[in-house]
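Student: Each protein sequence line maps, in turn, to chains A and B.
For the first sequence, position 129 (counting from the first letter as 1) is numbered 258 according to the working numbering, and the numbering increases by one without interruption.
For the second sequence, position 2 (counting from the first letter as 1) is numbered 85 according to the working numbering, and the numbering increases by one without interruption.
By construction, these hints were calculated from the structure, which means they are not laboratory data.
Beta carbons: idealized from backbone N, C-alpha and C, even for Gly.
Some clues are possibly wrong.
Said to hold, decoys possible - Away from chain B, derived, C-beta distances all over 10 Å, residues of chain A:
#, residue
1, Ala139
2, Ile264
3, Gln269
4, Ser274
5, His283
6, Val293
7, Asp295
Unchecked claim - Per the computed footprint, the stretches of chain B lying under chain A, defined by three or more beta-carbons under 8 Å from a beta-carbon of chain A, are:
#, segment
8, 164-174
9, 235-242
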Amino acid sequence: MLRGLGGDAAAHGELLSAMSRYLRGYFARRIGSGAADLEDLVQDTLLAIHLKRGSYDPSQPFTPWAYAVARYKLIDHFRRGGVRKTVPLEDAGELLAAETVEEGAVRRDLNKLLDTLPPRQRQVMVDVKLAGHSIEEAGQRAGMSISAVKVTIHRGLKALGKRVRDED
Amino acid sequence: MKTDDLIATLAADTTPAPRIGPRAWLGLACAAALVLAVALLAAWLGVRPDLMLAMRLKSFWMKAGYTGWLAVAAFVAVTRLARPGARLGAALWLAILGVLAMTMMGGVRLMAAPPAERMHDWMGHSWTFCPFLIMGVSAPAFAVIVWAVRRYAPTKLRLTGAGAGLLAGAIGAAVYGLLRCNETTAAFVATWYTLGIAVCAAVGAVLGPRLLRW
Numbered sequence: 130m131l132r133g134l135g136g137d138a139a140a141h142g143e144l145l146s147a148m149s150r151y152l153r154g155y156f157a158r159r160i161g162s163g164a165a166d167l168e169d170l171v172q173d174t175l176l177a178i179h180l181k182r183g184s185y186d187p188s189q190p191f192t193p194w195a196y197a198v199a200r201y202k203l204i205d206h207f208r209r210g211g212v213r214k215t216v217p218l219e220d221a222g223e224l225l226a227a228e229t230v231e232e233g234a235v236r237r238d239l240n241k242l243l244d245t246l247p248p249r250q251r252q253v254m255v256d257v258k259l260a261g262h263s264i265e266e267a268g269q270r271a272g273m274s275i276s277a278v279k280v281t282i283h284r285g286l287k288a289l290g291k292r293v294r295d296e297d
Numbered sequence: 084m085k086t087d088d089l090i091a092t093l094a095a096d097t098t099p100a101p102r103i104g105p106r107a108w109l110g111l112a113c114a115a116a117l118v119l120a121v122a123l124l125a126a127w128l129g130v131r132p133d134l135m136l137a138m139r140l141k142s143f144w145m146k147a148g149y150t151g152w153l154a155v156a157a158f159v160a161v162t163r164l165a166r167p168g169a170r171l172g173a174a175l176w177l178a179i180l181g182v183l184a185m186t187m188m189g190g191v192r193l194m195a196a197p198p199a200e201r202m203h204d205w206m207g208h209s210w211t212f213c214p215f216l217i218m219g220v221s222a223p224a225f226a227v228i229v230w231a232v233r234r235y236a237p238t239k240l241r242l243t244g245a246g247a248g249l250l251a252g253a254i255g256a257a258v259y260g261l262l263r264c265n266e267t268t269a270a271f272v273a274t275w276y277t278l279g280i281a282v283c284a285a286v287g288a289v290l291g292p293r294l295l296r297w
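Generate the whole structure from the sequences, applying the supplied hints.
Tutor: What follows is the structure, given as structure tokens:
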């Protein structure tokens with residue numbers, strides 16, 4: 130970078146082509162490797178790095194500066210597009226849930242296990258332990274008193290524990 | 084255009100990069116902004132005729148200290164914000180500290196004054212237009228500073244805009260406060276100067292994303 134700043138064309142070209150590879154990876158991770166705008170963004174950022182090279186402070190490390198430029202261009206890209214990367218609401222749960230293969234497998238096992246419980250018990254358990262409702266909320270939804278919910282959860286956990294042990 | 088072609092084209096542009104850092108460049112811009120603000124004030128409102136006399140008053144130097152402090156804090160903030168990836172550091176806290184100190188001084192002085200005079204000490208005779216005049220005097224300074232910052236690459240446009248507004252507002256307030264305004268109380272400065280400068284910063288924050296894009 131320093132030699133490029135001084136007007137060394139070969140060094141500057143080397144820097145830019147090295148940056149283009151890093152940038153392609155950087156943007157690919159953020160907007161998807163097949164995205165149509167990927168190459169546009171890379172070129173945009175290279176151009177910005179070239180035009181704004183005067184804003185780089187040679188006494189500071191180069192990488193944070195370059196990535197700050199790339200980040201700015203990425204944000205600018207989202208803003209200009211007016212569309213953020215969106216997922217239909219129905220699929221959002223899936224996106225959040227199946228983070229890894231293992232997690233998906235655990236979830237399936239858990240559902241299978243929960244299915245063995247009586248419906249009311251199951252509903253309360255899911256509300257409190259998985260969906261994160263408070264005991265009061267779960268009681269209102271199921272039409273049970275707070276202490277009844279607590280007892281139900283306690284029994285449910287016991288039943289689940291027993292079943293897991295039996296399966297082993 | 085292929086990326087490799089672009090790289091070749093860019094590499095062929097061997098004009099050495101501009102080597103003037105934000106500090107020097109923005110310093111120049113501030114000097115120009117100061118000259119513009121003084122010229123505008125002289126042409127529009129006129130310099131107070133008793134300037135030499137006023138310079139002997141403590142209040143004159145209080146205004147100079149307050150606006151100067153804010154200008155320095157804003158200057159440091161903007162020079163940092165002009166570079167991608169640079170940290171803002173303590174500049175913002177410097178400005179807040181200045182406002183707090185001024186407010187406390189104004190409050191203490193106000194409490195020390197006889198109750199009957201407090202209202203007048205606070206409002207002075209010019210509170211209805213003082214903030215607006217500060218904004219007016221700051222406007223050309225703001226334009227110069229924004230123009231200077233555009234040469235660099237601010238990535239936080241709103242914050243940078245606010246910083247530029249703060250800087251311009253502090254310069255404008257200094258020029259108006261020292262060369263024109265004859266209010267003398269700390270409470271007045273703490274309230275109405277701060278208000279005028281804060282509105283400048285807010286305007287900067289609103290305009291920043293539009294003016295500073297690159």
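Student: Would Ile264 (chain A) pass as off the interface with chain B, using Cβ distances and a cut of 10 Å?
Tutor: holds (43 Å)
Student: If we take the beta carbon of His283 (chain A), is the closest beta carbon in chain B still more than 10 Å away?
Tutor: Per Cβ check, His283 (chain A) is outside 10 Å of chain B; nearest 52 Å; holds.
Student: Beyond 10 Å from every chain B Cβ: check whether that's true for Asp295 (chain A).
Tutor: holds (58 Å)
Student: Does Val293 (chain A) really sit off the interface, with its C-beta more than 10 Å from all C-beta atoms of chain B?
Tutor: Holds: least Cβ distance 51 Å, greater than 10 Å.
Student: Checking a non-interface call: every C-beta of chain B should be farther than 10 Å from the C-beta of Ser274 (chain A). Is that right?
Tutor: Holds, because the least Cβ-Cβ distance between Ser274 (chain A) and chain B comes to about 52 Å, which exceeds 10 Å.
Student: So Ala139 (chain A) supposedly isn't at the interface. Is its beta-carbon more than 10 Å from every beta-carbon in chain B?
Tutor: violated (7 Å)
Student: Against chain B, does Gln269 (chain A) keep a CB gap of more than 10 Å to every residue?
Tutor: Since the minimum Cβ distance to chain B is about 44 Å, Gln269 (chain A) lies beyond 10 Å and the statement holds.
Student: Can the segment 164-174 of chain B be counted as covered by chain A under the rule of three residues or more with Cβ-Cβ separation shorter than 8 Å?
Tutor: Three-residue rule met by the segment 164-174 of chain B, so holds; n is 5.
Student: Can the segment 235-242 of chain B be counted as covered by chain A under the rule of three residues or more with Cβ-Cβ separation shorter than 8 Å?
Tutor: holds (count 3)
Violated hint: 1 only; the structure is consistent with all others.
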